[in-house]
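Protein chains: 2
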Amino acid sequence: NMPVPAAQAAPKVTKKSFKARTDYTTNPSALALLNIMHGKQSNLAVAVDVPDKKKVLELAEALGPEICMLKTHVDVIEDFDMDFVKALQDLASKYDFLIFEDRKFADIGNTVSLQYGKGVYHIADWAHITNAHPVPGNGVVAGLKQVGLPKGRGCLLVAQMSSAGALATGSYTDAAVKMAQENKDFVIGFISQKKLTDDEGLLTMTPGVKMSGGGDGLGQQYNTPESVITKNEADIIIVGRGVCEAADPAAEAAKYRVAGWEAYQSLVV
Amino acid sequence: NMPVPAAQAAPKVTKKSFKARTDYTTNPSALALLNIMHGKQSNLAVAVDVPDKKKVLELAEALGPEICMLKTHVDVIEDFDMDFVKALQDLASKYDFLIFEDRKFADIGNTVSLQYGKGVYHIADWAHITNAHPVPGNGVVAGLKQVGLPKGRGCLLVAQMSSAGALATGSYTDAAVKMAQENKDFVIGFISQKKLTDDEGLLTMTPGVKMSGGGDGLGQQYNTPESVITKNEADIIIVGRGVCEAADPAAEAAKYRVAGWEAYQSLVV
Numbered sequence: 001n002m003p004v005p006a007a008q009a010a011p012k013v014t015k016k017s018f019k020a021r022t023d024y025t026t027n028p029s030a031l032a033l034l035n036i037m038h039g040k041q042s043n044l045a046v047a048v049d050v051p052d053k054k055k056v057l058e059l060a061e062a063l064g065p066e067i068c069m070l071k072t073h074v075d076v077i078e079d080f081d082m083d084f085v086k087a088l089q090d091l092a093s094k095y096d097f098l099i100f101e102d103r104k105f106a107d108i109g110n111t112v113s114l115q116y117g118k119g120v121y122h123i124a125d126w127a128h129i130t131n132a133h134p135v136p137g138n139g140v141v142a143g144l145k146q147v148g149l150p151k152g153r154g155c156l157l158v159a160q161m162s163s164a165g166a167l168a169t170g171s172y173t174d175a176a177v178k179m180a181q182e183n184k185d186f187v188i189g190f191i192s193q194k195k196l197t198d199d200e201g202l203l204t205m206t207p208g209v210k211m212s213g214g215g216d217g218l219g220q221q222y223n224t225p226e227s228v229i230t231k232n233e234a235d236i237i238i239v240g241r242g243v244c245e246a247a248d249p250a251a252e253a254a255k256y257r258v259a260g261w262e263a264y265q266s267l268v269v
Numbered sequence: 001n002m003p004v005p006a007a008q009a010a011p012k013v014t015k016k017s018f019k020a021r022t023d024y025t026t027n028p029s030a031l032a033l034l035n036i037m038h039g040k041q042s043n044l045a046v047a048v049d050v051p052d053k054k055k056v057l058e059l060a061e062a063l064g065p066e067i068c069m070l071k072t073h074v075d076v077i078e079d080f081d082m083d084f085v086k087a088l089q090d091l092a093s094k095y096d097f098l099i100f101e102d103r104k105f106a107d108i109g110n111t112v113s114l115q116y117g118k119g120v121y122h123i124a125d126w127a128h129i130t131n132a133h134p135v136p137g138n139g140v141v142a143g144l145k146q147v148g149l150p151k152g153r154g155c156l157l158v159a160q161m162s163s164a165g166a167l168a169t170g171s172y173t174d175a176a177v178k179m180a181q182e183n184k185d186f187v188i189g190f191i192s193q194k195k196l197t198d199d200e201g202l203l204t205m206t207p208g209v210k211m212s213g214g215g216d217g218l219g220q221q222y223n224t225p226e227s228v229i230t231k232n233e234a235d236i237i238i239v240g241r242g243v244c245e246a247a248d249p250a251a252e253a254a255k256y257r258v259a260g261w262e263a264y265q266s267l268v269v
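Here the protein sequences come in this chain order: U and D. Counting from 1, position 45 in the first sequence corresponds to residue 45 in this note's numbering; the numbering is continuous, with no gaps. Counting from 1, position 41 in the second sequence corresponds to residue 41 in this note's numbering; the numbering is continuous, with no gaps.
Please keep in mind that the hints were generated in silico from the structure rather than gathered at the bench. Heads up, some of the hints might be wrong.
In this list, chains with the same sequence are indistinguishable; a pair is considered to hold if it fits within one copy or across any two.
To be verified - Restricting the straight-line Cα-Cα distance to at most 20 Å, the calculated cross-link-like pairs of lysine to aspartate or glutamate (EDC-like) are: (1) Lys53 - Asp248; (2) Lys145 - Glu182; (3) Lys19 - Glu245; (4) Lys118 - Asp49; (5) Lys118 - Asp52; (6) Lys145 - Asp216; (7) Lys15 - Glu58; (8) Lys145 - Glu262; (9) Lys255 - Glu245; (10) Lys12 - Glu245; (11) Lys231 - Glu58; (12) Lys16 - Asp248; (13) Lys118 - Glu78; (14) Lys194 - Glu226; (15) Lys118 - Asp81; (16) Lys53 - Glu200; (17) Lys184 - Asp81.
Because the structure is a prediction, the values reported are computed rather than measured.
Go ahead and model the full structure; you've got the sequences and the hints to work with.
Structure follows, in structure tokens:
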């Protein structure tokens with residue numbers, strides 16, 4: 001009989017600390033984010049998708065101490081104005097978090113440069129971080145970079161999505177990684193379901209996180225903080241309705257922060 | 001010697017008339033568009049991507065008689081307000097064209113339903129047609145449809161793009177076609193480089209059209225009206241800078257309308 005080989009234990013997943021990873025990027029927003037994460041012991045971002053600026057600001061005030069980043073969709077806010085932006089910037093300074101406008105730019109370079117810099121929102125003037133779909137090709141990054149890089153902004157590429165039947169898979173995801181690596185001065189990482197590259201200068205941020213798992217009625221599918229960090233090797237968990245629709249969002253955010261941070265700490269060498 | 005087979009002529013491309021195609025859709029915006037195209041003898045859409053509402057309205061007034069559809073990016077307009085929307089709606093009625101807000105929605109269903117119906121723009125309240133990237137999966141259509149269908153709106157899926165290195169190819173494009181066919185009450189066609197299905201109820205609209213061909217410095221690549229209609233079998237040509245940056249936009253639009261319409265007429269049976 002042939003000897004049965006001993007089962008090999010999977011190599012233990014390890015991570016460099018967020019502090020150590022500041023050596024691997026030059027982007028000002030990525031550096032600020034890594035330092036905030038280290039200082040606040042938080043790899044929690046919260047997505048506030050509510051159509052009312054007062055409610056967004058209340059949530060930002062309540063969640064500020066727990067989060068490294070607040071994810072906004074300013075284009076769902078009915079009463080948006082520049083006073084709202086100023087108030088949000090003040091809260092970001094007060095509690096030391098970055099603002100990530102989840103615009104998902106997805107047009108040709110000429111168009112996204114206008115959408116990012118102009119219009120009612122002037123996103124490039126206040127969002128430390130924004131994101132783009134790689135589907136238009138490299139021009140989408142070129143167009144955004146032209147506007148954002150001189151302002152010290154950073155961009156994430158949506159390399160995968162958490163929704164059912166998403167088409168960001170396989171060679172599409174690979175192309176997003178390549179696009180990021182070729183634009184590391186401006187692209188600081190990914191929106192994805194798991195770590196996609198060993199490049200320590202690119203951050204993995206994962207949405208669709210909820211302690212209870214499950215889904216919504218419109219295709220969203222949830223993962224838990226622990227599985228996202230330890231199994232999928234993400235850096236930052238993005239939690240939306242799991243925090244914002246809780247009876248006590250601040251207390252719930254604290255739970256997610258601890259869950260995310262402990263999962264991260266269990267991997268750091 | 002083996003006899004050399006006679007070269008087979010490629011089967012002549014033919015099209016049903018736009019009028020005849022009203023039998024193949026029930027969507028109110030698609031029906032309105034087909035009737036306008038037939039009545040005005042125009043399969044020309046013009047993209048006005050300027051950051052100034054006065055300039056958008058001047059172009060809409062000048063181009064109105066030539067076009068079946070005006071394509072807007074309201075999120076690049078610095079001085080956007082609801083007076084602008086009202087003025088644009090009045091011009092759409094006066095000259096009988098539809099408004100297509102080229103928002104390229106590309107998020108999960110819950111988010112796009114808010115972005116489409118709420119926010120500063122209330123796009124669903126005034127844009128006859130909008131569009132979406134299929135990348136999030138079917139939820140993006142489900143979320144938009146929930147808001148748009150009760151208002152009689154139509155949606156296009158971005159199945160291909162004209163920009164260099166675009167990732168909307170192969171199985172991605174195939175998935176967009178399937179998503180459209182499964183949502184024909186709301187999805188009225190595609191933004192694509194060529195005809196993708198024989199379904200007469202789905203329209204093909206092709207951007208990146210310029211009489212001179214060529215490109216810009218940010219990855220855009222242009223095709224001529226004739227090649228887009230006769231070779232790629234599109235229904236509607238979308239012209240941007242080729243008209244809007246001309247010395248006389250109205251005269252230039254007239255040339256594009258004639259070029260697009262004659263190309264179409266050469267195929268109609």
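Each hint, compared with the structure:
| no. | hint | result |
| --- | --- | --- |
| 1 | Lys53 - Asp248 | within (19 Å within a copy, 43 Å between copies) |
| 2 | Lys145 - Glu182 | within (12 Å within a copy, 37 Å between copies) |
| 3 | Lys19 - Glu245 | neither (32 Å within a copy, 50 Å between copies) |
| 4 | Lys118 - Asp49 | between (22 Å within a copy, 11 Å between copies) |
| 5 | Lys118 - Asp52 | between (22 Å within a copy, 10 Å between copies) |
| 6 | Lys145 - Asp216 | between (34 Å within a copy, 16 Å between copies) |
| 7 | Lys15 - Glu58 | neither (34 Å within a copy, 57 Å between copies) |
| 8 | Lys145 - Glu262 | neither (35 Å within a copy, 41 Å between copies) |
| 9 | Lys255 - Glu245 | within (14 Å within a copy, 55 Å between copies) |
| 10 | Lys12 - Glu245 | neither (36 Å within a copy, 59 Å between copies) |
| 11 | Lys231 - Glu58 | neither (33 Å within a copy, 56 Å between copies) |
| 12 | Lys16 - Asp248 | neither (33 Å within a copy, 60 Å between copies) |
| 13 | Lys118 - Glu78 | both (19 Å within a copy, 6 Å between copies) |
| 14 | Lys194 - Glu226 | within (12 Å within a copy, 45 Å between copies) |
| 15 | Lys118 - Asp81 | both (14 Å within a copy, 14 Å between copies) |
| 16 | Lys53 - Glu200 | neither (36 Å within a copy, 44 Å between copies) |
| 17 | Lys184 - Asp81 | neither (32 Å within a copy, 37 Å between copies) |
Checked against the numbered hints given earlier, this structure breaks hints 3, 7, 8, 10, 11, 12, 16, 17; the rest are met.
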